[in-house]
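Novice: Work out the full structure, taking the sequences as your base and the hints as a guide.
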Amino acid sequence: MDDEEIDRDVANSVVLKDNFTELLVRIKSVVTDLPVEVEREDIYHLESCFERFGRLLDEFQVKPSLLDPVMVSVLPILIGYILDRSTSSTLRDESFKYAHQLVKVRGEKASLKHFPREVNLLKNVLLMLEEVSLDSRSRCTHEKASVLLLWSIVLSKVPFNLDNAKEMVSDEQFVGGYAQKIFDLALRWFHGRGREQLLAGRLLAELVTRPDAIYRLPDVLKMAVDWLSTMKSNENSEKLSVAICWTEFLAACLKKASRRVMKKHARWLHDQLNALPDFDWKSQDVCMRKMWSKLSQRIALVILKPKLNDEQLYRRGMLNKLAKENDDDADADDQLNKEKSPKVPKVVEQIAVRLVDMLHDPSCLVRWSAAKGVGRLAARLPSKHVSMLVDWILELGTNIAACADDIQGVCLALAELCRHGLIPTDKLGQVVSLAKQALKFDQIGCALSSSVRDSACYLCWTFGRSLTRKAMLPHAYHLAPHLIVVALFDREVTCRRAASAAFQENVGRHQLFPYGIEVLTAADYYSVSNLKKCYSEIALKVAEYGEYLRPIMECLIEKLSHWDEQIRVLAAGTLAALTPFDPCYIAVQVFPQLWNQYHKVHFFSKHGAVVALAKLTVSLYNEKHAFAYLLAGEQGFRNFQQRWKDEVMDIPKEISEAGLLLKTYGFSYMTAICDLIVEVSESGMPVENETLEFWFGFLKSHLTHADETIRQVSVKALRAAYHAYAESYFATNTHQLIQYPELLIGRLEKPNSEMDCVGAALELSCCSNLMFNLQQGQVVHALSDFFGCSRGSRRAWVKARQACLSAMFHVAVSFKLVGWKADVAQTTLFACDYLEVLRCHALAMEDLTRTVVGDVGMVVRKEALQNLCELVRHGARAEGMLLMRSDLMVLLTQNLLQQCLDVNHLQRKLACSVMVDMLKIEPPRPFLVNRDDLERAFLQETVEWISPAQAYRRLIGFLEMPAFQKHLLFAYVLAIGSESQTVAESALVSLIDYASSLPTISFYMSRLMENFLSLFHKYSHIGWLLLLLMKALQKILSTGIFPKHCEEVEDWQLSRLYFAVSKFWNDEKADAICKNDNKTITKSKLRMLRAVVDLCCEFMQYTKLQAASESRQTIVAFLSHPCLNVRRYAASRLYETLLCSDPDSSDEKNCQAMELLEQTDWCAPVEDLEPLCQKLNTLIEIDLSTTVDTI
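The working numbering puts the first residue of the sequence shown at 11, with every later residue one more than the last.
Please note that the accuracy of each hint is not assured.
Stated by the list, open to error - Derived lysine-lysine pairs resembling BS3-like cross-links, with alpha carbons at most 27 angstroms apart:
| id | residue 1 | residue 2 |
| --- | --- | --- |
| 1 | Lys610 | Lys663 |
| 2 | Lys292 | Lys446 |
| 3 | Lys616 | Lys450 |
For the record, the hints were derived by calculation from the structure and aren't laboratory data. Keep in mind the model is a prediction, meaning the values are calculated, not measured.
Specialist: Below, the structure is given as structure tokens:
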């Protein structure tokens, strides 16, 4: 989960309390309208209503307790639908579904109190439960059973004797009374599925633990033990689920029945379960091991007598804790010596050993259950045994070979002991020490590391919750920094929040943590959810309090070796930001430590040290005046700085010569090196020419790297280095400085390869500060000429065009813009050169280059969009209204609006955000065409542009504007013909709605069709675009847009569309004549031929047009195509078309033609198929004199 999602969750949890009234009204309206929705008898509509209900309830997932008002007002309505005899079965089923969803979100335990519990409802509930058990194939069986079983549990608690209900004696369905019926139904549902089984176990336990049914308990316990005795270690899942149900029943009986009753059966039950013949509890799945832990601890709790310790007495108001804190320690020891130590039964000792052994179970559920059992059991043991138990658990945690499972189990067990107030005072120091170690636990490749730290935070939370202020006084000062560094710097948000909650609990209870309120105000539960904010802002606020500064720095140094690169980079940045707090400590202690870490072989340590050394070097350079006197004066500081500075500056050379850039983590090293160069260059530190020479050569060599990300970081570093040091570097060779841009232009004009051109263009973008006056124009025109030359082999050079756009952009925004007749004394950029850059960016949005890789032209379009807003803003700030060239701005607006309808959702979202930013440029100038319409579409309402349905519906209105119709029609056509079904459907629906809204005047449809036709003529030479156009036209014709206007549209308009489409077919025939054998064709050509067949079939529907006759001729010609796949596809599509047609007088001929198509073996040779095609010509009424010769 990233930081934005976490911030959204936090906001939802805070705002939900203010908006839950509105949600309550909406939920209640959905339930109230449910009978009306059911009357529509549309199952799909009911599913959509239920999904809407589920989305409303999802708003309460963060805070389910806010759902209680909803349960009070909504659940009775659903219960009314269920109990109403006149209710239809569909409404009753839907009511069960809605009630089950409510219970699922709120929780079963909290939902019990909201069910009605009148005794007269028991009969109806049991009858419905029996009906569901007998008809397992009905709708909503799972939801019905869950709700009815939960309701039965509530009703089984009625304070009346179930066996003495007089109204049940005469009812044949309830022979034996209510109790027997509940008993039978519960046993029947033991063989259900999932939650129904567990609820059935709880229902049976509620029944047999009632005072009027307690006589059933021994027999049912024996029944459970007998059934479990038949279990084997390798049972199937069905029998294992029934076993889990029986164990749930036993655990519920041990909890609900009185101790006096269960004590008679506890030892026998333990002996029987522990001695099952062919069943090993340890080898079972997680649920069985957890149930064994639960059963064991509850048996022990029944055997041991309850005891109230001081903590429990304090909670009940029976002990004054303040007086207890003032007692003398000697008096406490005397009281402990006088305490009686009753003998602990052997079975309890066995259970204690078992629970401690389960603390290192592989499953967290089992460990958590065992830890709770240890706490509950220890609360009833004598103090001597509790002390021994604590020692035993601490020994598990301090073991050198302890793994994550052991440490987490130990922390959970100690937390439960502490929560019960059972940690001896003399053992508290060891417990706190173990908690500190667990807070730092982080093993590479260990998935449980975060769970260990989370359990350690829980342990620290119990310190504040249960321990006295006097007990925590020796440990609070040292525990506070450990908690706060976890709250600030832990990678997992759950651990950060848990540590913040533990810190808050200790501050609120004991007030012993240094500056507790101030620190907690900065690092509260919600603010620590954002990781970047914790490192960059909150840590600096907390570090202002001296007690936390050094622990924070030490933790950040440890984080520099973390396995996550993001953590290492954030830690280095925070450590550099903390340099002004204690620069001497950074210089004397941290810097040498990082230098030693840099020379380690381990990648994580080495990379973190490189990043930190770069940032700390700059920070120390900026703080040189603050602590120079601490290093033996100015001379001592210069010696110190010269030593570390020269060594840090040589890090790029050392890494490069060691060959680390060619290894697995080469990209991370490259990023660290470039960041080092950027940090040093921006600080203005003096650098030797020898070092600069290596930097320039190193970065230039990576400008032609195949990885785009490496090129980007190299360009950023080279630009910063040139800006800071190029003038001083070239100071001794002015002639080389003047000729430098010209050499790069020469490389650009005669490139040896695409990457050579990329390197030259990117290098030109970096050296803009080295250009003398009038050189900017030469550079812009050279880049523009290369960008416009995209013919032949250079058409696929998209990386080069992308680099040229980037170079032109940086040249344009690096200089002040002046008019055409301005003074050239200063280094400026003429308006004509700026407009050329803007024109190239406008044309770049038309790049539709596609290769076998896919839409590679998207990188050029993306680069243009990323630069466009800043480029336009730079021109808008210039004097003289440089953006008033109408033809250029029309082209720019048209192409940008077309990109706002791109098929790729990320590209579409980027283009729309660029349009919004351009409309917000201040001062607003009317350089955009139809600015008012654009502002209404993009600024007045919030639209999710990433959603195709919203985007295509929002911008369909621009088709009415002549300036945008052709470009937007092209965008809609590309979307309709795309492979994405969601995008295609959204665009097609929007276009249908637009066409349906047109007035019945031929002018509007004629203009739309003329633009459609122009697209075919413009892109007919591009195969993949022609295929998309044909697919889109086929979908548009199939929807019936044109038949509505068929009377107004002339015949020649649709015919021209058909002839434009058939151009590919004519070219295919010409190629086939030149070749003797064309039985095998490429996949791309096969897709094109299939698209032609589909279009011909659609044109056949327009029987009154000449295009229909021509299309019939073409599709018959396809039936004798040399390629078998083409023949088969043409025959099947023609058959479907004839089947769906509605002819007036040729019904018999159509049937004959369909029979001929169905019976013909299209695998036969083409020569044998020609007579059949001639016969087919006659049947579908084609004039043979005009039939095109078959291939």
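Novice: Taking the hints in turn, state whether each one holds.
Specialist: Hint-by-hint comparison with the structure:
1. Lys610 with Lys663: Given pair Lys610, Lys663 holds - Cα atoms ~17 angstroms apart, limit 27 angstroms.
2. Lys292 with Lys446: violated (32 angstroms)
3. Lys616 with Lys450: holds (21 angstroms)
Consistency with the previously given hints fails for number 2 only.
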